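S.K.: Below, each chain spelled out in residue letters.
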Amino acid sequence: MNDSDDIVKEFLVESHENLDRLDRDLVDLEKHPSDKEILASIFRTIHTIKGTSGFLGFGKLEAVTHVGESLLARLRDGQLSLHPELTTALLAMVDAVRQMLARIEEAGNEGERDDQKLIATLTRLGQSASPPPTPAPEASSRAHLEPPLPESSPVELPPETAMPIPLDVSAAKVPVQELPRTVVELSPEPPAKPPEPPEASSPQPAAGQSASESTIRVDVGLLDQLMNLVGELVLARNQILQFTKHTEETGLVTAGQRLNLIASELQENVMKTRMQPIGNVWGRFPRTVRDVALACGKQVRIQMQGQETELDKTLIEAIKDPMTHLVRNAVDHGVESPDARRSAGKDPVGVLQLRAFHEGGQVNIEISDDGSGLNLAKVAQKAVQKGLISADQAARLSEREAANLVFLPGLSTAEKVTNDSGRGVGMDVVKTNIERIGGTVDLQSTPGKGTSVKIKIPLTLAIVPALMVTSAGERYAIPQVSLLELVGLDGEQARKGVEMIHGVPVYRLRGRLLPLVYLKQVLKTGPPESAVADDAPTLPEGGFERVNIVVLQADGRKFGLVVDEISDTEEIVVKPLGRHLKQISVYAGATIMGDGKVALIMDVLGLAQSSSIVAETHERARAEQEQARADGAEVQKLVLFSGRSGSRMAVPLSMLARLENIPGADVERSGNQWVTQYRGQILRLIRISHALEERRNLPDSNDILTLPTSANLQVLVLEDQGRSFGLVVNQILDIVESGSGPQSAPTRSGVLYSSVIAERVTELLDVAAILATGEPYEPIPARAASAARS
Amino acid sequence: MSETRQFCSFYLDHLLFGIESQKIQEVVAYRELRPVPLAPASVSGLMNLRGQVVVALELRRQLELAERPAAVVPVCLIVRAELGTVCLLADEVGNVIEVEEETFEPAPETLSPRLRSVILGVHKLEGQLMHVLDTDRACAIHAASLAAAG
Chain F
1 MNDSDDIVKE
11 FLVESHENLD
21 RLDRDLVDLE
31 KHPSDKEILA
41 SIFRTIHTIK
51 GTSGFLGFGK
61 LEAVTHVGES
71 LLARLRDGQL
81 SLHPELTTAL
91 LAMVDAVRQM
101 LARIEEAGNE
111 GERDDQKLIA
121 TLTRLGQSAS
131 PPPTPAPEAS
141 SRAHLEPPLP
151 ESSPVELPPE
161 TAMPIPLDVS
171 AAKVPVQELP
181 RTVVELSPEP
191 PAKPPEPPEA
201 SSPQPAAGQS
211 ASESTIRVDV
221 GLLDQLMNLV
231 GELVLARNQI
241 LQFTKHTEET
251 GLVTAGQRLN
261 LIASELQENV
271 MKTRMQPIGN
281 VWGRFPRTVR
291 DVALACGKQV
301 RIQMQGQETE
311 LDKTLIEAIK
321 DPMTHLVRNA
331 VDHGVESPDA
341 RRSAGKDPVG
351 VLQLRAFHEG
361 GQVNIEISDD
371 GSGLNLAKVA
381 QKAVQKGLIS
391 ADQAARLSER
401 EAANLVFLPG
411 LSTAEKVTND
421 SGRGVGMDVV
431 KTNIERIGGT
441 VDLQSTPGKG
451 TSVKIKIPLT
461 LAIVPALMVT
471 SAGERYAIPQ
481 VSLLELVGLD
491 GEQARKGVEM
501 IHGVPVYRLR
511 GRLLPLVYLK
521 QVLKTGPPES
531 AVADDAPTLP
541 EGGFERVNIV
551 VLQADGRKFG
561 LVVDEISDTE
571 EIVVKPLGRH
581 LKQISVYAGA
591 TIMGDGKVAL
601 IMDVLGLAQS
611 SSIVAETHER
621 ARAEQEQARA
631 DGAEVQKLVL
641 FSGRSGSRMA
651 VPLSMLARLE
661 NIPGADVERS
671 GNQWVTQYRG
681 QILRLIRISH
691 ALEERRNLPD
701 SNDILTLPTS
711 ANLQVLVLED
721 QGRSFGLVVN
731 QILDIVESGS
741 GPQSAPTRSG
751 VLYSSVIAER
761 VTELLDVAAI
771 LATGEPYEPI
781 PARAASAARS
Chain G
1 MSETRQFCSF
11 YLDHLLFGIE
21 SQKIQEVVAY
31 RELRPVPLAP
41 ASVSGLMNLR
51 GQVVVALELR
61 RQLELAERPA
71 AVVPVCLIVR
81 AELGTVCLLA
91 DEVGNVIEVE
101 EETFEPAPET
111 LSPRLRSVIL
121 GVHKLEGQLM
131 HVLDTDRACA
141 IHAASLAAAG
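Going line by line, the protein sequences match chains F and G. In terms of our numbering, the first sequence is residues 1 to 790. In terms of our numbering, the second sequence is residues 1 to 150.
Since the hints were derived computationally from the structure, they do not count as laboratory data. Bear in mind the structure is a predicted one, so any value in this text is a computation, not a measurement. Just so you know, even glycine gets a beta-carbon here, dropped at the ideal spot from N, CA and C. Take these hints with a grain of salt, some might be off.
[Unchecked claim] Looking from chain G toward chain F, a few residues come up when the C-beta cut is under 10 Å (computed):
| hint | residue |
| --- | --- |
| 1 | Leu33 |
| 2 | Pro35 |
| 3 | Pro37 |
| 4 | Leu38 |
| 5 | Gln52 |
| 6 | Val54 |
| 7 | Val55 |
| 8 | Ala70 |
| 9 | Ala71 |
| 10 | Leu83 |
| 11 | Thr85 |
| 12 | Glu92 |
| 13 | Val93 |
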């Protein structure tokens, strides 16, 4: 019965495709109840499944689809009109069919099930709204089986084929030439119901809908194998190219180049075979949206753009669940109830928009709703409540940072827990899953306008660009998606650059502390961390000639990975590690290098987690906060700089975003201010000399309006409560720890206090007040207004 | 006439072992392995087998036998096991041995528990005993060593 197994298999594959379309069609139909074409398509799908299941002897499947078909036939003929209950019943039927198909796939039978209730509902619905008493649904369905769609070609049944077949040929999706053999084998089995006369005009099930001659179905396993072979070929090519570098023989060099070209093209094309349009995942969303919206009494319309955007099959699988979660979330929490929308002056029907497009070798997916947006204050408050961040951190959050708090584990802002979402798990899982495949998630929210989640994922996972590094004499590959930058420290810098905070090594990357992780220590291939006293900044592995830091990002956290050597980047073929090593989270796989040796691929997220960068960040933030409090907040890192007259001033390092050298020519005037274009934004520049009180009476309009004459301005980019601005200083001197020396009262406005720092009297600036005085013509606010924040 | 079975034999610490020959894909010469930090102790490293990355397991450690003397260069038995293709490191390969069912006897109770869990039994050959390995178990990583690897 091998042939029959094949038929069942084909039946399953085709039916699954058809069912996915059915969900979409039914939801579409609800919006356009009179669309004959959609109805015909639905009818055709159900009819096909019914026919084949009868043919293959799946009685229960046939019974369910049969009543469904009858119902649809009456819809199509206009004897019934669609209403939500009907749609729900039809969707329930689709679910039942799907369950049975899944069961057939697993166990080869439909399983024990009772569909009487569903059948009764469908039958009742089929009869209720019909004014004239109609003949038995069976009869009606057959009576109306005219050729529904001209576009699909009818099955041409050669007479000799049609003759001996007592079954419903119309629905068999077997290639015609195979029919006789198949049917002879099957015919001893009695059909589950009286055979219908063959309907020669029945349409061919439109499986691919596109021209069937130009496409074939290929086993994914075969494609994976092809992909592997191409990977091998690429490696062999790399080896050969290395040989040709040292040869004079032009013939070999030319052949090598040709091989190079062909292999690259082959690789590209084989990769393409694994590409699938993202619409395959989206196909189910109209149904999801409808169900969730119905369950929580909302009206939501779904809009899709870029369904044809393609990405690797494994990635499609990987984003399925996170995307479903986001869609559910958007409907459940994002879109408001129709009443609330009306009172907010919006269309009662909310819009959920899905957008996908390629950009820069990555796939961008956006899921946005036009709902109420996140209550950022509430999110931050919740995060503080749960101890995920400190109140102080919360006050300093930018809008964007606050919005992205929802990705923290254990944070849910939903007032009530619903069936579908809001159990406080989810968003963090979404984020982890997407980062696992090398993607990123970002959430943006505008109060009253809606929320938008942007996902970026790579096109494929099989071949990735990676940075090769060496640690303890072995090579490791670091996927480039997580790579931010490389820092090399030489000589003096190497000895002084790495500092210790409570035994944790850090490096000051442009003024910001970057936690360091030593690859040797993570992998336990190097000497264990020597006992380090807090006050004696010694390197964990002393005596480095050069410190190589690979700055990486995982889960939104930056950290530096210290390695022995950094080589160049290479395209590597990712090979699975096998089940023996799967549980070691720091590896993502292995690869074979050009010289035939094996290198391990690092999993950056796993690396961060195993070295506690990610998991304990919040803990540590809290611990540091407490530590600071215990110390009476006396020790604080300060950025030391000099003003125009050479006097010393300082601001807290925690406010410093970056140190920049801005060319004088880049400064522009906006109103009465200096501004510059900085990282795609307009950055306000405040001159320290203008901001402080003693100069308040000096600036005349000329001085303000004159653009800088010096070639370079030293600028501290400061961040305060989400606003950033540049403070133009004379010279940046150092980063120091504030002493516990005496603090004297401020000498002028804009200064918190004066203290002796590094043996010089230094004024600690009140950033908030300076920011307020940035506009020279505005009166200085009362000192009290400048919240003392040190 | 009873049924005969073919075993590929090999030595570990002067003991004769056998794996059913159908399970053995090939035997290859030892080549440099890529060590895997943090891996369980019996994982010797990764091997490039014609473009496939294969885990190499030290059979002596798997069976809790004495460590192999540095002078002995191991051989690689490429085995198809439940967990996929695995390379097992042995001291030396022997002949392909055909045995009859009668000579088989289950492992004696007195064997070390670890060894007994990996050995199906022994075939009594002329002059020596051949330990029959349970391939899947021999290729799996012992739970205890996994826990130790963390």
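S.K.: Each of the hints needs a verdict: does it hold here or not?
M.R.: Each hint tested on the structure:
Annotation: interface hint on Leu33 of chain G holds; nearest CB of chain F at approximately 8 Å, less than 10 Å. Checking Pro35 of chain G against chain F: minimum C-beta separation of about 7 Å stays under 10 Å; hint holds. Interface restraint check: Pro37 of chain G against chain F, minimum CB-CB distance 4 Å, threshold 10 Å, status holds. Hint status for Leu38 of chain G: holds, given a least beta-carbon distance of 5 Å to chain F, under 10 Å.
Given the 10 Å rule on beta carbons, the hint for Gln52 of chain G holds: about 7 Å separates it from the nearest Cβ of chain F. Because the smallest distance between the Cβ of Val54 of chain G and any Cβ of chain F comes to about 7 Å, under 10 Å, the interface hint for this residue holds. At about 5 Å, the closest approach between the beta carbon of Val55 of chain G and any beta carbon in chain F falls short of 10 Å, and the interface hint on this residue holds. Evaluation of the Ala70 of chain G hint against chain F yields a violated restraint, the C-beta minimum of about 19 Å exceeding 10 Å.
Interface hint status for Ala71 of chain G: violated, as the beta-carbon distance to the closest one in chain F is roughly 23 Å, over 10 Å. Satisfaction of the interface hint for Leu83 of chain G is found here, the shortest Cβ-Cβ separation to chain F being roughly 5 Å, below the 10 Å cut-off. Using the Cβ-Cβ criterion of 10 Å, the hint placing Thr85 of chain G at the interface with chain F is satisfied: the shortest such distance is roughly 8 Å. Because the closest C-beta pair between Glu92 of chain G and chain F is about 24 Å apart, greater than 10 Å, the hint is violated.
With a least beta-carbon distance of about 23 Å to chain F, the hint placing Val93 of chain G at the interface is violated under the 10 Å criterion.
Consistency note: the structure conflicts with the earlier hints numbered 8, 9, 12 and 13.
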